[in-house]
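**Student:** Please model the entire structure based on the sequences and the hints provided.
Taken in order, these protein sequences are the chains called A and B.
Residue numbering for the first sequence follows our numbering, beginning at 914 and increasing consecutively.
Residue numbering for the second sequence follows our numbering, beginning at 31 and increasing consecutively.
Don't read these hints as lab results, they were simulated from the structure.
Given the structure is predicted, the values throughout are model-derived calculations rather than measurements.
The hints are all genuine.
Some, not all, of what chain A presents toward chain B, calculated at C-beta under 10 angstroms:
#, residue
1, Thr920
2, His921
3, Gly932
4, Ala953
5, Ala961
6, Arg997
7, Val1003
8, Gly1017
9, Leu1019
10, Val1020
11, Arg1059
Just a few of them, taken from the derived set where beta-carbon distance is under 7 angstroms, the chain B residues facing chain A:
#, residue
12, Val131
13, Ala138
14, Val142
15, Gly143
16, Ile147
17, Val153
18, Met186
Yeah, the Cβ is synthetic: ideal placement off N, Cα and C, and Gly gets one too.
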Amino acid sequence: MTGWRPTHAHLRATVAGFGMLAFGVALGRPDLATLATGLALVAIWGFATRPGSDPVPPPAPGRLTVHEDEELSWQARVSGLPPRGSLVAVHPPQRWLDVDPEDGCLVPTDDDGVATAAITLRATRWGRRTLGEPGVAAYDRWCAWRWGPVSIPPLELTVLPVTPPFDSAAPAPHPRGLVGMERASRTGEGTEFAKVRPFQVGDRIRRVHWPVSARTGQLHVTATHADEDTQVMVLVDAVNDVGAGHPGRHSSMDLTVRAAAALAEHFLRRGDRVGLRVFGAWGVTRVPAASGRLQLRRILDTLCLVEPGSARGEDALAARQGLTAGTLALMLTPLIDPAATHQVAILTRAGIDVVVVDTMPDEVTTDSDDPALVLAWRLRMLERRVELDRLAALGVPVVAWTGAHDLDHVLRDLTRRAGAPRVVAR
Amino acid sequence: MSSLVVLGPDRRPLFRLTWARALTAAALLLPMAGAVLALARAAPGTLLWPAIVLAAAVAWTATFPDGLGGLVTLLGFGGWWAVVVADPLTPWVLPAALCCVGFHAVVAQAAVGPWGIRIPAAVLRRGLRDLLGVAAITVGIGSLAISAAGSFEAPMLLIVGTLGLIATLAWLGPRGDSGDRPGDRPGEAA
Chain A
914 MTGWRPTHAH LRATVAGFGM LAFGVALGRP DLATLATGLA LVAIWGFATR PGSDPVPPPA
974 PGRLTVHEDE ELSWQARVSG LPPRGSLVAV HPPQRWLDVD PEDGCLVPTD DDGVATAAIT
1034 LRATRWGRRT LGEPGVAAYD RWCAWRWGPV SIPPLELTVL PVTPPFDSAA PAPHPRGLVG
1094 MERASRTGEG TEFAKVRPFQ VGDRIRRVHW PVSARTGQLH VTATHADEDT QVMVLVDAVN
1154 DVGAGHPGRH SSMDLTVRAA AALAEHFLRR GDRVGLRVFG AWGVTRVPAA SGRLQLRRIL
1214 DTLCLVEPGS ARGEDALAAR QGLTAGTLAL MLTPLIDPAA THQVAILTRA GIDVVVVDTM
1274 PDEVTTDSDD PALVLAWRLR MLERRVELDR LAALGVPVVA WTGAHDLDHV LRDLTRRAGA
1334 PRVVAR
Chain B
31 MSSLVVLGPD RRPLFRLTWA RALTAAALLL PMAGAVLALA RAAPGTLLWP AIVLAAAVAW
91 TATFPDGLGG LVTLLGFGGW WAVVVADPLT PWVLPAALCC VGFHAVVAQA AVGPWGIRIP
151 AAVLRRGLRD LLGVAAITVG IGSLAISAAG SFEAPMLLIV GTLGLIATLA WLGPRGDSGD
211 RPGDRPGEAA
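**Tutor:** Put into structure tokens, the structure is as follows:
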């Protein structure tokens, strides 16, 4: 007993062919018998070439990590098929996944009884998900026998957020580390010119500024600013996801995650220490600050797991945990929930430079015709305006995220402001 | 491939018409239209209203190719032919028989995979070659039967005898794909 089953086509050829043939014989009508000849031939052919062994289904795919909008080819290789047969593979489409071809893929069997069907998949949104179960079915030469459809274990896909190009030339406000590319406030070994000062014991000869030394008659050297790294904490507000559920549009969480990925990659590339903290999402909380390429992968993996709105009512003080003065905190939020404003206030009072990156998409509006919903949305937007005013009152810069260079002037302002004295609560 | 997509209010596709789907639907309709035309020639002056019923059956088949619609269509056409065609040796039976086999082959192919799946050229070529083989045998047997119209039993005996011979030879012949393949059994080299 094999997994091959007769199809409706085989039933049709057999019943119609032999049925009309029998009627033709019984009624003495050779025209009916002639009508039935072709169908009877196909039925005989189908009976005679019935496949005798089951094909070997493709192995279960494992896990795969791709970036958003990156295409991957899902392949089903089935062996042991009857010669001149065909293989059909279908991958179910689902949300945030483009499948091409959507209707499935039909491929002929080669001479060795092997067929390989390939379907192109493209994940359009970050996240970790288990795809739907694809299926394969095989047919013999006359489509008289079918094997399957057989479900194949689904692919587990980790889709890393795409990191749009972000290149800021502005320095971070408080470099405090040992090595890096940020210009420190103190002088030391570095590349950026600070001043020309008299020679001291220990200065390198190659630092001697000969024109000034010749003019003054005393040795002078060129002092440079030290190059240091800074600690950047990316804070992700995952309490709400505004604008979700519209294919082809970005939600606030999409913008937040992609902006977080871009910022993390940018600062890590400059040698800074970058950490991540997510609030409002269950399961992921924080990635301690570190540097290097592995840290970027750690952050991207964590961002994949964010499920917005899965944990509400978090303690606002938790935002300050582990952060010290001098840390540059980048708060990515759509400014819909007051919790974000509370956290920004707490961080600012602790002397932490906070830049709020507004990730509310421009195109988000209410499509409803219900006047109550329209009014509710309008009220929500007014409340958001209040949140923005409160932040402005605190002196917290708010930047709308539209892509590269958004943070340049804000970071420069913060660097200048870092030199001014101020009172903070410890 | 270009396609016509009807989107719903939430911008999700409700219906999609691709070239593959349109061609499959046309390929389903054409053989039956040819068969009805042959019937109209074989029985001049007959009422053609059963063609409407047949068209409905074809539409049912086009919607659910992997179902009983094709069988109903073929049996319906056979019954219509048996009722209205008076000459049992009309040569119009040959194109009608070819159209019936063509209709069966198109429905069988349309039932493979989801509706509107794109059929590669290699599969079409193979199917066409097999179909031409069957058509040639059908025309051969039918022509012999019509030409042997001297006695009443001779055509019938010819058709049934030839089909029986083909069935016996096919059954006794080598069945290349019926056994285990090398490499299928554990420990056996491919």
